[in-house]
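Construct the complete structure from the given sequences, taking the supplied hints into account.
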Amino acid sequence: MQVNRENLWSDWRHYPGWKPDYPSFKETLDGGQAFCWFQVSENSYEGIVVNIPLRLKWESPHHILWSSPQNIAATADTFLKSYLGEEASYQKYYDNLPWRSDQHLNRCMKQFPKLRILNQPFEETLLGFLCSATKQIVQIKEMLKLLRQRFGQSVATDFARLPTWHELTQVSEQALRDCKFGFRAANIIKSAAVIEQSPDLFKNLSSLSYSETKKILCTLPGVGEKVADCVTLFGCGKLDAFPVDTWITKAMKHHYRLEDWKSPQIAHFGRKHFGNFAGLAQQFLFAWERNQSGK
DNA sequence: TTCCAGGAAGTCG
DNA sequence: CGACTTCATGGA
156 MQVNRENLWS
166 DWRHYPGWKP
176 DYPSFKETLD
186 GGQAFCWFQV
196 SENSYEGIVV
206 NIPLRLKWES
216 PHHILWSSPQ
226 NIAATADTFL
236 KSYLGEEASY
246 QKYYDNLPWR
256 SDQHLNRCMK
266 QFPKLRILNQ
276 PFEETLLGFL
286 CSATKQIVQI
296 KEMLKLLRQR
306 FGQSVATDFA
316 RLPTWHELTQ
326 VSEQALRDCK
336 FGFRAANIIK
346 SAAVIEQSPD
356 LFKNLSSLSY
366 SETKKILCTL
376 PGVGEKVADC
386 VTLFGCGKLD
396 AFPVDTWITK
406 AMKHHYRLED
416 WKSPQIAHFG
426 RKHFGNFAGL
436 AQQFLFAWER
446 NQSGK
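Yeah, the first sequence ends on 450 if you go by this note's numbering, and it's all consecutive.
Derived from the structure by calculation, the hints contain no laboratory data.
Every residue gets a Cβ at the ideal spot worked out from N, C-alpha and C, and that includes glycine.
Every clue listed holds true.
Okay, derived cross-link-like pairs now, PhoX-like style, lysine-lysine, Cα gap no bigger than 20 Å in a straight line:
| no. | residue 1 | residue 2 |
| --- | --- | --- |
| 1 | Lys405 | Lys417 |
| 2 | Lys408 | Lys381 |
| 3 | Lys269 | Lys181 |
| 4 | Lys247 | Lys269 |
| 5 | Lys290 | Lys381 |
| 6 | Lys181 | Lys265 |
| 7 | Lys174 | Lys265 |
| 8 | Lys405 | Lys427 |
| 9 | Lys247 | Lys174 |
| 10 | Lys236 | Lys269 |
| 11 | Lys174 | Lys212 |
| 12 | Lys236 | Lys174 |
Now the in silico label distances, taken between C-beta atoms and shown as ranges:
| no. | residue 1 | residue 2 | range |
| --- | --- | --- | --- |
| 13 | Ser309 | Ser364 | 33 to 41 Å |
| 14 | Lys236 | Thr312 | 21 to 29 Å |
| 15 | Asn198 | Ser327 | 37 to 45 Å |
| 16 | Thr404 | Pro253 | 16 to 24 Å |
| 17 | Leu163 | His428 | 41 to 49 Å |
| 18 | Arg255 | Asp313 | 41 to 49 Å |
Listed below in C-alpha cells is the structure:
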C-alpha cells in the first residue's frame, strides 16, 4: 500500500552543503556517474546507495531536500555528507580548473555551475562500470535494477541493494545474461572469482595514487583503461583521473582539435591540460557534449 | 534500416 | 606495434 510506503520515509530535510541549480542537480545524479538514481517526479529522484534508500529533491534555486527511511536517518545524514560533498571543497576544485584560459571549459562550467562528482562506494562503482561497455546509461540502470531485484538483499519495500562481490560468486553467467548483461556477464563472473580469491586486492586503495589504483583495477577481466579511470574517479576519489569514452573523444576532437588522437593520448592530454582535478573537468565536458546532442 | 552507446580483449599483418 | 573483430542489446 502506498500509505505504508510513505510511512517509511522521514520528513524532508535541508541539505546545506550543496546549493545547485536544477541542471547541475540532475546531471550530477543522473548524468552517468551513478546508475542508482531514478526520477520519480518533476524535481526529485529516488535511489539506494549500498543499503541506504534515499530521496533527493530540488526545491528552488539554492535549496535541496533529502529524506531516508526514518529508522536510519542519522546514518543517512552522515553518509550524504560524504556522498554529496561540501561546498568549500568544490570552490577550491572549480577555482583550480583552467577555465580562465580555456573558453570551451568555461562554457561547460557555466552550463552546469554546481556540477559535482559523487563520492560513490567503491565496490558498486566497479560493478556499475563493468556493465558499461557500449551501453547507454539508461540501459546500464535497467541491467543493475534487474540484478538488484533478482539477486540483491531486500532493504525496504521496493528497495534492494546490489549483490556484493561475494554474493556474485553464487550467481551464474546465464543468470546475468537473463538480466540483459550480454557479453559483460562473463567479465563480472570472472572478476567476482578473482576478488573472492584475493581478499586484500582492494586494501588501502584510498592511500594509493591514481596510477597505482588503476594498475590494480586493470588486472580484473573486463577492466581496461576507461573503466579503470571511471572507477578510480567515481569510486576512489582520484580526481586527477580522466576517463575517455566516445563522448569525450568527440568533445576533444571538436573543441581541442585532437583530430585522429587515440584514447590513451587523449587521456594523457586531458590530465596534463586540466591538472589535478582533470576528472571534474572531464565531467563538465561530458555533460555539455551529451546535452548538446540531445539539443 | 543504420548507427551508436561512459569498451575490452583477442587476432592478424 | 596498430588496425580490425567479436562480443549483446536496444535506443534514437
